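Trainee: As a plain string of letters, each chain reads:
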Amino acid sequence: MAEAENRMQGAEKETLTTANAMYPQIYWGLDPTSQTFCKLYIRDVLTMTEYSSATPVQGVFSYMNHPVSKVDLMGVIVRVEQRSKQFLYAIDDSTGVINCCCWNPDPLTVKQCIIPGLKEKVEETEKIQQCKEEGFNLGDLLHVRGKIKIFREQREIMASYFAIEKDPNAELNRMLEVQALHQLFYDKPFQLSNIIKNCNSHNLSLIHLTASLQDGLMKLFEESRTVQFCMADLETSEDVKSLIDQNAPEQSVALNKRTLLDQVVNQLEESGFLLKHQKKREHYRVIMNDVQLIKIVLNLLQKECAREKYAEKGCHYLHILGEIRKAEEYCSLNSNAILKCLQKLEEESRIISTTDKHFASVE
Amino acid sequence: MQAQGGLPQPGEIVFLQELCRSDTDKKSVRVIGRLTNHDFRACSAVITDVTQTYTVKVDTTLIEPFNYMRDSLVQLIGEMERLDRSGDRILRARVVSIVDGMDMNLYQRVVQAQRQYFNKRQTILHI
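Read top to bottom, the protein sequences are chains A and B.
When we follow UniProt numbering, the leftmost residue of the first sequence carries the number 1, and every step to the right adds one.
When we follow UniProt numbering, the leftmost residue of the second sequence carries the number 1, and every step to the right adds one.
Excised from the complex, chain A in its bound form (with noise of 0.2 Å):
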């Protein structure tokens, strides 16, 4: 007890300031107030307000500036009302009331039990599980955890868990708990890491504008027809530079143009766009506009759908892939290419996919 005093007192000098920022959603799952059953006086869960965002979020609440949506509390039961499905208490824990919406718990199915060491936990589950049927009575302490829902403009909490405490004694430990809880950590604001605030804004515009110059150059090699290309043309060519330029003029001063390209044309080959050659270094192969690969593809699929076994259903875009890869030139295929050359060949008409995975040739 003595140690609990002491840390308490020395937290008290850490608290709280009264500037607060309230955070976009998508960084809500970094505090753990977010995710757990938060131990709340019942006077500040009945008084918190819906935190503000961008897009409001039904449920979720702010404590100082912590997202909270579950809550445990323990209180003294003062009101019972009794529904048909569910029991309806009022608890006090002296400092608010509220209400906890209490499911009836669904009948045990279990009643034979073949372990003998077992039967004893079944029908101690099952005493308790009556006693919740047959309902509690004032002035019992209610231990409930669950979600804030607001029912007819007033807050209640729908339990998922709820039982009764028999031991005095827990109210007490409870009172020194949520305390220590409170001065701890709840009274302390959620502040993000320095770290995350910086690398926020420099990434975010990384990835806006490798996204960006994926699409513009995926357009260039469209229009010019380009089959190959090499990373030099690619670094030397003015199409290439005004891109850049349109994209991120503060940045193109300081950004290294070389990493930026590499990175923007490896992102390309994983999805499928284009493929590297495998002789000549640097050197890469747009599939879209590779007539020969699409030929490739259309002999290779009508050869197979002529043996029986694949007569019917058609071939799954791998056995493809397989065959494909047989030739030294397009050993390094991967599936998102030949998936794309597939749907090309299918929006020509010359092919039909059976299933999404499946493709039989028409002629």
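The hints are simulated quantities; they were obtained by calculation from the structure and are not laboratory data.
The structure presented is a predicted model; accordingly, all values stated were derived computationally and were not measured.
Incorrect hints may have been included.
[Stated by the list, open to error] Quick list of simulated restraints, FRET-style, between CB atoms:
id, chain 1, residue 1, chain 2, residue 2, range
1, B, S22, A, Y27, 40 to 50 Å
2, A, Q25, B, R109, 35 to 45 Å
3, A, K119, B, D23, 57 to 67 Å
4, A, E133, B, G5, 20 to 30 Å
5, A, G29, B, Q52, 49 to 59 Å
6, A, P105, B, C20, 39 to 49 Å
7, A, N173, B, G6, 26 to 36 Å
8, B, A42, A, T36, 43 to 53 Å
9, B, D39, A, T36, 47 to 57 Å
For glycine and all other residues, C-beta sits at the position ideal for the given N, C-alpha and C.
Position chain B against the provided structure of chain A, taking the given hints into account.
Mentor: Below, chain B without anything else, positioned relative to chain A:
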């Protein structure tokens, strides 16, 4: 103190000696004491402090019949009212629970600590 529509007021924790001395009426309080002199026909009882110096009369109309054991420690939630005839103050109890086994020393210290904390909180959080 907050109370939503239809729900009773929360019972603020007070010590028995404070209840005797203070004059405030119609406030919901929660108090612990030993039950002596229970007359269930007249629906009245007397609770005594642990030090046996302070007593408060209790009107038990709303909570009869309850499991009564002589001299057991009870926790009552109710409102203080003033009887017109005798001028005595009486606690009209609406919730009772037997709390035999509660550590009264710990109770004193916890309630004091909680009050200190709430006072500090009010000044800082403006609640």
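Trainee: Determine for every hint whether it applies to the structure shown.
Mentor: Here is how each hint holds up against the structure:
Against the hinted window of 40 to 50 Å, the Cβ-Cβ separation of B:S22 and A:Y27 comes to about 47 Å, which satisfies the hint. A beta carbon spacing of about 42 Å between A:Q25 and B:R109 agrees with the range 35 to 45 Å that was offered as a hint. Between A:K119 and B:D23 the C-beta distance comes to about 60 Å, which sits within the given range of 57 to 67 Å. At about 29 Å, the CB distance of A:E133 to B:G5 agrees with the hint of 20 to 30 Å.
Taken as a hint, the range 49 to 59 Å holds for the pair A:G29 and B:Q52, whose Cβ atoms sit roughly 56 Å apart. For the pair A:P105 and B:C20, the supplied restraint of 39 to 49 Å holds, since their beta-carbon distance comes to about 45 Å. Restraint check, A:N173 to B:G6: a C-beta distance of roughly 31 Å satisfies the suggested window 26 to 36 Å. In this structure the hint that B:A42 and A:T36 lie 43 to 53 Å apart at CB holds, the actual value being about 50 Å.
The hint said 47 to 57 Å for the Cβ distance between B:D39 and A:T36, and at roughly 49 Å that hint holds.
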